[in-house]
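Student: Got chain E sorted already, so can you dock chain S with the ligands onto it with the hints?
Protein chains in written order, with our numbering: chain E, 1 to 373; chain S, 374 to 607.
The hints are simulated quantities; they were obtained by calculation from the structure and are not laboratory data. There could be a bad hint or two in this list.
Below 25 Å or equal to it, Euclidean Cα-Cα: the simulated PhoX-like pairs (lysine-lysine) are [said to hold, decoys possible]: (1) S:K409 with S:K385; (2) E:K363 with S:K409; (3) E:K363 with S:K456; (4) E:K128 with E:K157.
No experiment lies behind these values; they were computed from the predicted model shown.
Below, each chain spelled out in residue letters.
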Amino acid sequence: MYLQLAIRNLRRVKVRSALAMLGIIIGVTAVSSIGIFGENLKRVVLENFQDMVNEVIILPSTTNGYDSIDEKTLSKIGKSIYISELIPVKSKTAKIEGEKSTYAIVYGLNERDVEELFKAEKGKISLKRKCVVGNTLAKRLDIRVGDRLRIGNKEYKVSAILEREGARFDINPNNAVIVSLQEFSDNFNLEYSMLIVKVKNVDEIENFKKFVERSVNYKVKKVEVFELKSIIERINRAFNQVNLFLMAIAAVSLLVAGVSILNIMLMSTIERTKEIGVMRAIGAFRESILKIFLLESLILGISGSVIGGILSLGGGYLITSLIIHRSGDILNLSSLLYMAEGMFFGTLTSLISGLYPAYRASKLEPIEALRYE
Amino acid sequence: MKAKAYEIVRLKNVTKVYKIGYYEVVALNDVSLEIKDGEFIAVMGPSGSGKSTLLNIIGCLDKPTSGEVFINGVSTKKLSEKKLTELRRDTIGFVFQQYNLIPTLTARENIELPMIFKGMDERERENRVREILEMLTLENLADRKPMELSGGQQQKVAIARALANEPKILLCDEPTGNLDSRSGHEIMETIKMLNREEGMTVILVTHDESLKKYAERVIRLRDGRIVDVSSTGN
Ligand SMILES: Nc1ncnc2c1ncn2[C@@H]1O[C@H](COP(=O)(O)OP(=O)(O)OP(=O)(O)O)[C@@H](O)[C@H]1O
Ligand SMILES: [Mg+2]
Numbered sequence: 001m002y003l004q005l006a007i008r009n010l011r012r013v014k015v016r017s018a019l020a021m022l023g024i025i026i027g028v029t030a031v032s033s034i035g036i037f038g039e040n041l042k043r044v045v046l047e048n049f050q051d052m053v054n055e056v057i058i059l060p061s062t063t064n065g066y067d068s069i070d071e072k073t074l075s076k077i078g079k080s081i082y083i084s085e086l087i088p089v090k091s092k093t094a095k096i097e098g099e100k101s102t103y104a105i106v107y108g109l110n111e112r113d114v115e116e117l118f119k120a121e122k123g124k125i126s127l128k129r130k131c132v133v134g135n136t137l138a139k140r141l142d143i144r145v146g147d148r149l150r151i152g153n154k155e156y157k158v159s160a161i162l163e164r165e166g167a168r169f170d171i172n173p174n175n176a177v178i179v180s181l182q183e184f185s186d187n188f189n190l191e192y193s194m195l196i197v198k199v200k201n202v203d204e205i206e207n208f209k210k211f212v213e214r215s216v217n218y219k220v221k222k223v224e225v226f227e228l229k230s231i232i233e234r235i236n237r238a239f240n241q242v243n244l245f246l247m248a249i250a251a252v253s254l255l256v257a258g259v260s261i262l263n264i265m266l267m268s269t270i271e272r273t274k275e276i277g278v279m280r281a282i283g284a285f286r287e288s289i290l291k292i293f294l295l296e297s298l299i300l301g302i303s304g305s306v307i308g309g310i311l312s313l314g315g316g317y318l319i320t321s322l323i324i325h326r327s328g329d330i331l332n333l334s335s336l337l338y339m340a341e342g343m344f345f346g347t348l349t350s351l352i353s354g355l356y357p358a359y360r361a362s363k364l365e366p367i368e369a370l371r372y373e
Numbered sequence: 374m375k376a377k378a379y380e381i382v383r384l385k386n387v388t389k390v391y392k393i394g395y396y397e398v399v400a401l402n403d404v405s406l407e408i409k410d411g412e413f414i415a416v417m418g419p420s421g422s423g424k425s426t427l428l429n430i431i432g433c434l435d436k437p438t439s440g441e442v443f444i445n446g447v448s449t450k451k452l453s454e455k456k457l458t459e460l461r462r463d464t465i466g467f468v469f470q471q472y473n474l475i476p477t478l479t480a481r482e483n484i485e486l487p488m489i490f491k492g493m494d495e496r497e498r499e500n501r502v503r504e505i506l507e508m509l510t511l512e513n514l515a516d517r518k519p520m521e522l523s524g525g526q527q528q529k530v531a532i533a534r535a536l537a538n539e540p541k542i543l544l545c546d547e548p549t550g551n552l553d554s555r556s557g558h559e560i561m562e563t564i565k566m567l568n569r570e571e572g573m574t575v576i577l578v579t580h581d582e583s584l585k586k587y588a589e590r591v592i593r594l595r596d597g598r599i600v601d602v603s604s605t606g607n
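Isolated chain S, as found in the complex:
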């Protein structure tokens, strides 16, 4: 069914080495990976195994020490800072463990922000925000500041913000890590819905084995290497 979908993300021999003084930490070690458009991938592994590093490199927030990353078939190696920013803005949505909403802005304004960075006009922004709020049933919370929202609600707003410019890829780094199981479940259902109904490619980093069930493939990392890739049969 999805076998014919094209590769939206491809990593070719990606290695990431952090230098701390005289020490070197190999966070990713020769990782090659292909992710198809519309896939739901779970990345699992012990703490320090390189999950966040992998996600940041796919999200063009970080650059590999060696190897190459292709997004939508385009190598990010030679892209300028500006082009990388545009790529993040238009193609990638980030959801962080700590929600990371801008505290001075209301939920609505947080969702609007990436559209402003894109230069959308006000009318267009308003429509798009309304659409997103409706899709995630956030209408009642639109005018609250992050401080006035629960963790689960903040994370939902963060997802809404990630959707602002209709990205193809949703990168989630332990999105339920700070939530109780009920809110966590709701967030996961939201993400799954986006994957299924909007066809978004989701890459989910998690510790929680119970979240495997949402994914089509589970990638296991240890010491910066992929040690196992398994299909869940979803």
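Pulled out of the complex, with its shape left as it was, chain E reads as follows:
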């Protein structure tokens, strides 16, 4: 009955109620759409890193005066039971001389590892007295398969141009030349600059780190261990923060909607002063009046939030497909979670905005309210 009364009271001022509800709809749609978009953007970005969560990078501890990793360390780490793959990497910036010349990074890698990590766009990967060239560098220097490049004091035939690679944390081949480890040593006589390790199981990363501490870093900290998992987690966190910030901006529209509900509910309490007086006279408690008015703003909030929540699925889909050209599966759990979040805040807004007018209505003295014209 209170509910019915509240609904009818809202119907009495249809346009006004509709506008207040529209405010909530817009607010909830904005907040949830942005949340959904952000969540999907994060997914798309993190998808690229998914196959790296079990990757661990070992770098020389420069703070302790190490600029490279020696063979002994490599073989020690290679004995760990936790790892499934170990890719030793050497690298140095060097002059590359072809038809044009430039400075670029030269990597020393096992041929097998190169084949595993990268794909050839042209040619076939081979490092037997040959080299492969990254996509960007090849374009920049007009390098083709079969060209000869002079690196350091040796000459290599280009066996392949690699496909363009997305962002990586370990090796960035786009602007680099890759030779075999053997060739690299002959040329520059340097030890390893990095070890890329894949652990068998993501949960064993901690164990592996402990192993390194025990077997390599037991006297001095020779190497630093970076797990990509924690980097990915940091990216994840950063995305969530940005998303929260964007949603907070969108929430300003909810704030405006809240003010508009406050406004119409205050108008209602004033217009209906006499009615409140009558109800109090015939036996309504203060709480009953409070309930009726709170219900009215809650109805606006809940119905606005439900409509806004539904619209936000469409809105989120739209922004996502417009901006990252990949809408994919919008209907995933986290999207629904953001929808629910928007709806929750929409309802909360209406509740908070309704509180003061309802309180004021309930505090009216019956005799004065009755006398009001």
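Tutor: Quick look at chain S with the ligands alone, frame taken from chain E:
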């Protein structure tokens, strides 16, 4: 006959002073009054003499500046807001000059409202509403909104609403003030019937000298004082 009935309303030296800025208006000046259960009282007097103020104080809508009001022998002085509300809900029925029905509710729902405030369950409410509608021959109008009713019909619904929780006292502030003489007559007959057949105590505020005939006692107010109490011999 009714001499042995107990006092349902007693006012003891009730004074009501309104302050408007620096001015003070004495709306009721040391009024003492006893009303017996089942009595029909008419309160008359010129405009501004304090009739409505008296009624509102008896109805626990307003509090006296000094003096004491007893309803059913209980002093209202120390009652909490909540208790006063319960008293209004269960013991007192109000009928106003402007009908004051809730415009969004149908006649039936208006009558039901005080029962809802009382927390009656739906079945009970339905029965009681049907009873009241029958008693006041309002069955045909039950589902209309106040806007769709004439003044006389609205006032009848308002009376029906006042009856919702079977109050002992019916307070009527110029109930026929906005009605033509025919509807006014019908309303008065209804009120009289409630007094006679249901034994309700009626306190009727009116300007209309011709309504004296319904009352057993007429109380005349002037400038907030009772200047005359007369029995009509009814
Ligand atoms: N809320 C108020 N504030 C200030 N003065 C008031 C208030 N209510 C009533 N009064 C004053 O108290 C006096 C008595 O008012 P009351 O309404 O009781 O008169 P009444 O006899 O009912 O008059 P009427 O026949 O015109 O209805 C009047 O002088 C009125 O101006
Ligand atoms: Mg009056």
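Student: Is K363 of chain E close enough to K456 of chain S, meaning Cα to Cα at most 25 Å?
Tutor: Holds, because 16 Å separates the two Cα atoms, which is no more than 25 Å.
Student: Would the hint linking K128 of chain E and K157 of chain E be met if the CA-CA limit is 25 Å?
Tutor: Roughly 9 Å separates the two Cα atoms, so the pair holds.
Student: Is K363 of chain E within 25 Å of K409 of chain S, Cα to Cα?
Tutor: Status violated; Cα separation ~34 Å.
Student: For the pair supplied as a hint, K409 of chain S and K385 of chain S, is the alpha-carbon distance within the 25 Å limit?
Tutor: Within the cut-off at roughly 15 Å; holds.
Hint compliance for this structure: hint 2 alone is broken.
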